[in-house]
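Participant: Here is what each chain is made of, one letter per residue.
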Amino acid sequence: MSRPEKRSKVNLFRPKKGHMRDEVLIILAILFGWVVCTFGFQFLVYACRGTGAGSLLTRLTLFNLPLHFWFTGQFLPLWFIFLCIIFNVYVDRITEYHSRKRDRSYE
Amino acid sequence: MNDSSWSIFVVLLVLLSFILVGLRQKARESQEYGFGGRFTGRIGGGAAIASNWMSAASLMGLAGIIYLHGYQGLAYVIGWTGGYVLLLVLLASQIRRFGKFTTPEFVGERYGSRPARLIAAVIAIAISVIYCVAQFKGIGLIFSFMFGVGYEQGVTYGALAVVSYLVISGALGVPRNQQLQYLVICVAFIVPLMWLARRLGYFWVLPQFGYGRALTDLWREFRIDFTLPFAHDSLFQWCALCFTLMVGTGGLPHVLSRFYTVPNVRDARWSVVWGLFFIALVYWSAPAFAVFGRLIEARRGMIPSPEAARAAADVVTLNTAVAAGLPGWLVGVLAAGALSAAFFTVAGLLMTGASSISHDIYYSFLNPRASERARMQVAKGGTLVLAALVLIIALKPPGLIAEITAVAFALAGNTIFPLFLLGIWWDRANRYGAIAGMLTGVLCTVAQPLFGGTFPAVAAFFPLTSSALCGTPLVILVMIAVSLATPPPPEEMRSFLEQEVHGHMD
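Chain order of the listed sequences is A and B. Sequential numbering of the first sequence, starting at 37, is according to the working numbering. Sequential numbering of the second sequence, starting at 99, is according to the working numbering.
It should be emphasised that the hints constitute simulated quantities derived from the structure, not laboratory data. Warning: the hint list may mix true and false statements.
Claimed, not checked - Computed footprint of chain B on chain A; a stretch qualifies when at least three of its residues, placed anywhere within it, have a C-beta under 8 Å from a C-beta of chain B:
1. 45-54
2. 66-73
3. 76-85
4. 102-111
5. 114-121
Here the structure is a predicted model, which is why all the values come from computation and not from measurement. Where a beta carbon is used, it is the ideal one built from N, C-alpha and C, also for glycine.
Bound-form chain A, shown alone (with noise of 0.2 Å):
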């Protein structure tokens, strides 16, 4: 009996259940957690510039260097870094899930 033909599908924003949906939803994380602290950051600085909020941001000082150049200068490629070793982490420990599982079904 021949069974009706599945039409492929591929989209980052439908992802298939199983390994591809978990990839996709860790991708989403980790380019949330990119976006708010690179360009995230620059509107807060940019909004605040002039209140209170703005002073604390640009006068505050860490290693001599003020808050706002330091989270930028040095803190960011660091968090990128930590990202990384993040999606890395967990896209093995789901590889690892879904191979398992995969494996028990042809048993």
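Since the structure of chain A is already known, use the hints to place chain B on it.
Facilitator: Chain B alone, transformed into the frame defined by chain A:
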């Protein structure tokens, strides 16, 4: 020997050592591992990614742009590191599973179209040429600095040196030892910086933190504020530049092809983390050179005019080292680091560009029956033509090193990044969408010089160095619209994407 002879001696020694170590590595490899049996591991893979990435833009351009624009220049630091996050999460594993190593090959296979492949090849070559112009400017500046000659002479000598290296390495078959190269570049950049911090009396063990006090001194003593956010440019310009460099990183052909030298997908992913760490080590250090440079100038009573500062920006690392009285051999070490970064980037890009001319344009499009020998000759001729073209543009460089490099990133971000992104993550993207997207991307990149005069809004939204913030989303929309309006790609390709690229765990 005087100081400048020492510099030249150290530079020659470093370049020669690369050839010797390469030859030794080649002999050992063929004895111990046989052909292609290179094992690098995650850290080694990371060092290779970092050394492949390091260029004159990282070692000279970055410090120069921060010296000139302060906080605005940090957009380059963030753009050039944050792009790796995009690359890792969206493209790295999937492209590897797709199995096509170069941009034109990927486009040709995924979109099943020879014209699309041809356009992708031309764009990849254009990116290489623009990128090489920036490197040639760096090489020219170092040569003119070392030999005390004019810039034009320096860049001509530099071009001759690069072509000679290509001929020698081609004749001897010298492999590039990228791990060693990264170590040399990193040490050559950071040790002089430590020396500099010590000489100026700052915390020298980690000068990346030590320059904080120099920044405070600069403000306290001379009222020069490096840290003022959005002082010269707007928030939009900062974000546009940063985003452009990020998507450009994700679309740069020679970066994408790095994932194939590591044994498996998992190691490829982890080597990106190490690569990013090694890159960040240099990027945390570059602002320090800029700040120390300004401080030394100010203490000598020199406040350069904007034009003079712009002219000096690209050599600020070398000038600062000399002005602080670093010994000649150490200045030589710094110059050797920057020169080898620029040198090997150019060599790699010229070879890749030439093989693209020979393989993707000549063999695949013009003459499919060409013999191996004819293709080789086209590749060799292509190298010379590309080098000559780059030299002609570099004789009158159109901007700072970092700015020229940014244009290459804008082109990559506007054209290749959307092509890969949709090609991997949306099976409905087809050849018509790809071609329309690439053409739109090229238009977005050159919108400012072409239409900026007539339509000021175009210049505002698509600045030459930062066009991708508006360009990439526009190209993605065009690709989606055109793809939906035209027939879907073949079912085999859609199944391949579903089963091989994304369905490996089903």
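Participant: Against this structure, judge whether each hint is valid.
Facilitator: Outcome of the hint check:
Here the stretch 45-54 of chain A counts 6 residues with a CB under 8 Å from a CB of chain B, which clears the bar of 3, and the coverage holds. Under the rule that three or more residues need a Cβ within less than 8 Å of chain B, the assignment of the stretch 66-73 of chain A holds, with 3 such residues. Requiring three or more residues with a Cβ within less than 8 Å of a Cβ of chain B, the coverage given for the stretch 76-85 of chain A holds, as 5 such residues are present. Only residues whose C-beta sits within less than 8 Å of a C-beta in chain B count toward coverage, and the stretch 102-111 of chain A has 7 of them, enough to reach three; the restraint holds.
Counting residues of the stretch 114-121 of chain A whose beta carbon lies closer than 8 Å to any beta carbon of chain B gives 6, which reaches the threshold of three, so the coverage claim holds.
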